[in-house]
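*Asks:* Next come the chains, spelled out residue by residue.
2 protein chains.
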Amino acid sequence: MESADVVIVGGSAAGIVAGMTARRHYKDAKITVVRKEKEGQVLVPCGLPYIFGTLGAAEKNIMPDALLSNNKIDLVVDEAASIDRKAKKVATASGKFIEYEKLILATGAVPIIIPIPGKDLENVFCATKDVAYLNGLLKKLAEVKDVVIIGGGFIGLEFADEFKKKGLNVTVVEMLPHCLQLVFDEDFCALAENKLKERGINVKTNAQAEEILGKDGKVRGIRLKGGEELKADLVFFGVGVRPDTELAQKADLKIGETRGIWVDEYGRTSEKDIFAIGDCAEKRSFFTKKPSALRLASIAGSEGRIAGANLSGLRRKNEGVIGSFATIIGDLGLGEAGLTEAGARQAGFDFIIGEVTTPDKHPGSIPGAKDLKMRLVFEKATHEILGGQVSGGPTVGEVVNILACLIQNRMKADEVVTFQYGTHPFLTPSPVPYPIVNAAEIALTK
Amino acid sequence: MESADVVIVGGSAAGIVAGMTARRHYKDAKITVVRKEKEGQVLVPCGLPYIFGTLGAAEKNIMPDALLSNNKIDLVVDEAASIDRKAKKVATASGKFIEYEKLILATGAVPIIIPIPGKDLENVFCATKDVAYLNGLLKKLAEVKDVVIIGGGFIGLEFADEFKKKGLNVTVVEMLPHCLQLVFDEDFCALAENKLKERGINVKTNAQAEEILGKDGKVRGIRLKGGEELKADLVFFGVGVRPDTELAQKADLKIGETRGIWVDEYGRTSEKDIFAIGDCAEKRSFFTKKPSALRLASIAGSEGRIAGANLSGLRRKNEGVIGSFATIIGDLGLGEAGLTEAGARQAGFDFIIGEVTTPDKHPGSIPGAKDLKMRLVFEKATHEILGGQVSGGPTVGEVVNILACLIQNRMKADEVVTFQYGTHPFLTPSPVPYPIVNAAEIALTK
Chain A
1 MESADVVIVG
11 GSAAGIVAGM
21 TARRHYKDAK
31 ITVVRKEKEG
41 QVLVPCGLPY
51 IFGTLGAAEK
61 NIMPDALLSN
71 NKIDLVVDEA
81 ASIDRKAKKV
91 ATASGKFIEY
101 EKLILATGAV
111 PIIIPIPGKD
121 LENVFCATKD
131 VAYLNGLLKK
141 LAEVKDVVII
151 GGGFIGLEFA
161 DEFKKKGLNV
171 TVVEMLPHCL
181 QLVFDEDFCA
191 LAENKLKERG
201 INVKTNAQAE
211 EILGKDGKVR
221 GIRLKGGEEL
231 KADLVFFGVG
241 VRPDTELAQK
251 ADLKIGETRG
261 IWVDEYGRTS
271 EKDIFAIGDC
281 AEKRSFFTKK
291 PSALRLASIA
301 GSEGRIAGAN
311 LSGLRRKNEG
321 VIGSFATIIG
331 DLGLGEAGLT
341 EAGARQAGFD
351 FIIGEVTTPD
361 KHPGSIPGAK
371 DLKMRLVFEK
381 ATHEILGGQV
391 SGGPTVGEVV
401 NILACLIQNR
411 MKADEVVTFQ
421 YGTHPFLTPS
431 PVPYPIVNAA
441 EIALTK
Chain W
1 MESADVVIVG
11 GSAAGIVAGM
21 TARRHYKDAK
31 ITVVRKEKEG
41 QVLVPCGLPY
51 IFGTLGAAEK
61 NIMPDALLSN
71 NKIDLVVDEA
81 ASIDRKAKKV
91 ATASGKFIEY
101 EKLILATGAV
111 PIIIPIPGKD
121 LENVFCATKD
131 VAYLNGLLKK
141 LAEVKDVVII
151 GGGFIGLEFA
161 DEFKKKGLNV
171 TVVEMLPHCL
181 QLVFDEDFCA
191 LAENKLKERG
201 INVKTNAQAE
211 EILGKDGKVR
221 GIRLKGGEEL
231 KADLVFFGVG
241 VRPDTELAQK
251 ADLKIGETRG
261 IWVDEYGRTS
271 EKDIFAIGDC
281 AEKRSFFTKK
291 PSALRLASIA
301 GSEGRIAGAN
311 LSGLRRKNEG
321 VIGSFATIIG
331 DLGLGEAGLT
341 EAGARQAGFD
351 FIIGEVTTPD
361 KHPGSIPGAK
371 DLKMRLVFEK
381 ATHEILGGQV
391 SGGPTVGEVV
401 NILACLIQNR
411 MKADEVVTFQ
421 YGTHPFLTPS
431 PVPYPIVNAA
441 EIALTK
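Top to bottom, those sequences are chains A and W.
Quick note: the first sequence, position 124, residue 124 per my numbering, numbers continuous.
Quick note: the second sequence, position 335, residue 335 per my numbering, numbers continuous.
These aren't lab readings, by the way, just hints derived from the structure by calculation.
Because the structure is a prediction, the values reported are computed rather than measured.
Treat each hint with caution, since some may be false.
No distinction is drawn between identical chains; accordingly, a pair holds when it is met within one copy or between any pair of copies.
Under the rule of at most 20 angstroms between Cα atoms (straight-line distance), these lysine to any residue pairs were calculated in the SDA-like manner [what the hints assert, rightly or not]:
1) Lys119 to Leu224
2) Lys412 to Gly313
3) Lys317 to Asn409
4) Lys272 to Glu59
5) Lys27 to Thr445
6) Lys225 to Lys290
7) Lys165 to Gln208
8) Lys370 to Pro64
9) Lys272 to Ser312
10) Lys166 to Gly136
11) Lys317 to Ile442
12) Lys36 to Asp264
13) Lys145 to Lys290
14) Lys197 to Leu176
15) Lys38 to Asp130
16) Lys89 to Gln208
17) Lys165 to Ile366
18) Lys38 to Val77
Make a model of the complete structure from these sequences and hints.
*Replies:* Have a look at this one:
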């Protein structure tokens, strides 16, 4: 029977990072990753949309297996079928058994398909992490004209933007009053919607898909609640994911309120030698410690770094997810960290806000300068920063990471005002109205 | 006699920010800025080099006076000639007197001209903040062919890069073994030097200018120590600045070790109702609290926000300068925050370092992805982060600001490892080897 000190089930971001981290902290440990994907077949999760308009093939969006081999991590390509908690071993679909000292579950999540009529028709797709499946979708795109995307969150909009780059007629159908409404305040959502329209993408909000219509077993359109029909040769579900907890449930591990595997602050499940990380694991909010539905590759990475260092001693603690993310639609960058104004209200905070718009280069006459709009939210009594939203150009991804850092350190507005940023004409806004410190000052003094 | 609650001498970054901050905190105060520059003539300090190859005119690099008028700040265009500390009034060159409750000195710095023979020849220039002077330089550039820049720091290299864009034959002469050696470790300096050479800029290090050679009163070349002569039609001094403390010295205010106006942690000079901020004020290191020679527009802005809020009650404290800056040479971005390896050694720290190179987009196959190299330095016993250097593309400016935020919060390496960054294929490196957290982990475990 095979055995390893550390067995990791799942080889995407969480699993790989946990393996790398375990290797760094436990130099001599035998570490084995069990995953379904063959060599060279693990997709970069955030890169999925960009296969279609930018990269041109799923094979260009692969995480290198050298991340395992360079770290002396053994790979078993197989499906983990069950866990024997008592004997501390994993049984695989092919009939192998692998003993473990510590087991890390990184089984990820699966895309949600809304159970509406027509969901099983030909040409209905979702963001399944499978090279052949995605290349199949890519091939189909060359044969179709009208595409409907159900769901106007990040994934839906990113696929919409990429499909548009292929010259397709793309319509986004969103149930809520705005696209991205769960992650941005309304005015930022409107910026995204305007950019989609400017790029020729149709946006239907307050619109609920009720049935996918077919002909000869293939998609021909969708019908919305209320009766409106949209022509479609292909339908794509971008409505989120659900944690893949099948293995954990079979092993009778505790499941959390948002259906992820329950874990403590150190990443341990209800069984002390089994950890769970990434999309399959339950998350808590950094702010309220209540369960959070946020699932991001970056969070998976952080949890991998926590669990991977906690295997034989509890070194690192998970303080809960802040939620930091960014996207770009056409040339419009959008990002958010922590709570929006709406999110702060919903969580029960009293708050003050500060808002600025300033060019992202300086002076504004520098070629390529774009307006950067920023809104920061602070708790009213303590002035602790709760979140920030930003729109602008290609720097928003790292600007959001500055905000994440301010939040993680629970900085107060007066501290944010004296944050020691640097500036450069081509690379950042001006030192005079540098937006983070300026928005904090405005929040304090308006 | 005129009077104001707050009189600010100097209208560049520090003065403007102090005025804006004072206005926000003291809604009804009468605030007056006294400055030499006429309306529409205040230059963006960091933008000076970019007038020459990018913007094409000094007038395109102006800080809008609306920053004053929109904040109901009065402008007196005049030179502050002396201060009567007892009577609390400023006398101007034109014979006016302005009474103050609080006085803020933001008199800036002047470029250093090394006192070598030939320094007064025609076609010798430096980064003087004067519209007519800079337009004069711009005009000269159209008439010359060979330019020598004395000084291979940020300013020297930025002017070199811009002059090259005009098609000139540019040579940088640096006294030290490397360009940028005071702000980067040697391998980062080498990246900059290689990029300069790739762009056709001549780099002479370990080279000291001994004389500017002339003919008919005009520059014809320079002679280096050792005798080598370089042909030059124009010489530009980029060797740094010295604080402009004339007014302060005349008023007998205490001067610091680095020749800046001495200030306490709240920005107050040796006279309690007089503050000093920006390039004219003495700085202390965030790490050692020893005097620091760092002078940046972003630091000036921070000090303006500290002093501007401290006028009638000490609300904000200056913890000392971290030093965060970035530049771009051709398409190579370079940035630094806090201490380099060499700087940490010099300051007396024991340290550990972590270093990574990873694409700044992900997967690396995303068009436009560039290698991002990062080195982080941590104190050895406490693991507190001391500094970071980064090279890459246009995101390095904001990446450096993340590092500044980590440093300002004195985060330890284990905390940096669990920093909750976000990622996006077009905007940031991958979540798996995200360089900040990865470098911290490497420092901890190598």
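*Asks:* If the cut is 20 angstroms between Cα atoms, do Lys272 and Ser312 qualify within a copy, between copies, both or neither?
*Replies:* within (11 angstroms within a copy, 57 angstroms between copies)
*Asks:* Since the copies are identical, ignore which copy is meant and state whether Lys38 and Val77 lie within 20 angstroms (CA to CA) inside a copy, between copies, both or neither.
*Replies:* Only inside one copy: Lys38 and Val77 sit 6 angstroms apart there, 73 angstroms across copies, limit 20 angstroms.
*Asks:* Pop the pair Lys119 and Leu224 into one bin, within, between, both or neither, using alpha-carbon distances up to 20 angstroms.
*Replies:* within (14 angstroms within a copy, 78 angstroms between copies)
*Asks:* At most 20 angstroms between CA atoms: does that hold for Lys197 and Leu176 within a copy, between copies, both, or neither?
*Replies:* For Lys197 and Leu176, the Cα distance is within 20 angstroms only inside one copy (17 angstroms; across copies 55 angstroms).
*Asks:* Is the C-alpha distance from Lys166 to Gly136 at most 20 angstroms within one copy, between copies, in both cases, or in neither?
*Replies:* within (15 angstroms within a copy, 51 angstroms between copies)
*Asks:* Given identical chains, is Lys225 near Lys290, meaning Cα to Cα at most 20 angstroms, within a copy, between copies, both, or neither?
*Replies:* Neither. Shortest intra-copy (33 angstroms) and inter-copy (69 angstroms) distances fail the 20 angstroms Cα cut-off.
*Asks:* Between Lys89 and Gln208, at a C-alpha cutoff of 20 angstroms, which is it: within one copy, between copies, both, or neither?
*Replies:* Neither way: Lys89 and Gln208 sit 45 angstroms apart in one copy and 70 angstroms across, limit 20 angstroms.
*Asks:* When no copy is specified for Lys165 and Gln208, does a C-alpha distance of 20 angstroms or less occur within a copy, between copies, both, or neither?
*Replies:* Result: close neither inside a copy nor across copies, 25 angstroms intra and 55 angstroms inter.
*Asks:* Within a copy, between copies, both or neither: where do Lys145 and Lys290 come within 20 angstroms Cα-Cα?
*Replies:* Answer is neither: 44 angstroms inside a copy and 67 angstroms across each miss the 20 angstroms cutoff.
*Asks:* At most 20 angstroms between CA atoms: does that hold for Lys38 and Asp130 within a copy, between copies, both, or neither?
*Replies:* within (10 angstroms within a copy, 65 angstroms between copies)
*Asks:* Which holds for Lys27 with Thr445 at a C-alpha limit of 20 angstroms: within a copy, between copies, both or neither?
*Replies:* between (53 angstroms within a copy, 9 angstroms between copies)
*Asks:* If the cutoff is 20 angstroms on CA atoms, where do Lys165 and Ile366 land: within, between, both or neither? Let me know, please.
*Replies:* This pair counts as between: shortest inter-copy Cα distance 15 angstroms, intra-copy 28 angstroms.
Checked against the numbered hints given earlier, this structure breaks hints 4, 6, 7, 12, 13 and 16; the rest are met.
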